[in-house]
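K.L.:
Taking my numbering, I'd label the letters of the sequence shown as residues 22 to 146.
Hints may be right or wrong, so weigh each one.
[Claimed, not checked] Label-pair restraints from in silico Cβ distances:
#1 V64 to V117: 19 to 29 Å
#2 A105 to P56: 26 to 36 Å
#3 Q137 to H46: 11 to 21 Å
#4 Q130 to A66: 12 to 22 Å
#5 H57 to F95: 32 to 42 Å
If you are wondering where the hints come from, they were derived from the structure by calculation, not from laboratory data.
These figures come from a predicted structure and were not determined experimentally.
Every residue gets a Cβ at the ideal spot worked out from N, C-alpha and C, and that includes glycine.
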Amino acid sequence: MSTVSTVPISKSVSGHRSERRISVHLPLTLRRRDPHGVTNEEVTASENLCRGGAAFLTRFDVTIGSEIEIYIPFSSHTSRRREAAFETHGRVVYVVDAPSQGERLVGVQFTGPRFQRVFRSESTA
Numbered sequence: 022m023s024t025v026s027t028v029p030i031s032k033s034v035s036g037h038r039s040e041r042r043i044s045v046h047l048p049l050t051l052r053r054r055d056p057h058g059v060t061n062e063e064v065t066a067s068e069n070l071c072r073g074g075a076a077f078l079t080r081f082d083v084t085i086g087s088e089i090e091i092y093i094p095f096s097s098h099t100s101r102r103r104e105a106a107f108e109t110h111g112r113v114v115y116v117v118d119a120p121s122q123g124e125r126l127v128g129v130q131f132t133g134p135r136f137q138r139v140f141r142s143e144s145t146a
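Sequences are here, hints too, so could you generate the full structure?
P.N.:
Written as structure tokens, this is what we have:
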């Protein structure tokens with residue numbers, strides 16, 4: 022059994038997140054290189070998002086500090102106006118075991134473009 026470290030996402034000096042996270046499930050495609058240089062790709066969904074980061078479930082064995090490419094497609098039926106897909110890079114800032122067997126909840130801080138789209142939380146819908 023592996024030990025998993027936990028590191029908070031986007032904490033300000035006061036100890037609170039610097040940005041409010043919105044609980045929203047959007048499809049994500051993740052690409053990363055493993056320690057041997059092999060590129061892996063996985064389709065999953067966000068658990069929550071903010072302009073500067075995201076959390077999602079993954080079956081990959083990721084480590085804090087690793088880099089991940091993130092792609093979020095936007096379909097024409099999710100918005101009245103046509104929007105381009107969102108692509109960025111992120112650095113893993115926390116990893117915890119998820120309740121589902123073999124998955125981890127991963128938090129990333131975007132190191133590329135920040136997320137600009139606005140959503141209403143699914144918990145208030």
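K.L.:
Next step is simple, just say for each hint if it's right about the structure.
P.N.:
Hint-by-hint comparison with the structure:
At roughly 21 Å, the beta-carbon separation of V64 and V117 lies within the given 19 to 29 Å, and the hint holds. Separation of A105 from P56 is about 33 Å and conforms to the stated range, judged on CB atoms against 26 to 36 Å. Taken as a hint, the range 11 to 21 Å holds for the pair Q137 and H46, whose Cβ atoms sit roughly 19 Å apart. For the pair Q130 and A66, the beta carbons lie near 19 Å from each other, so the given range of 12 to 22 Å is met.
One distance hint, 32 to 42 Å for the beta-carbon pair H57 and F95, holds here, with the actual separation near 33 Å.
The structure is consistent with each of the numbered hints, conforming to all of them.
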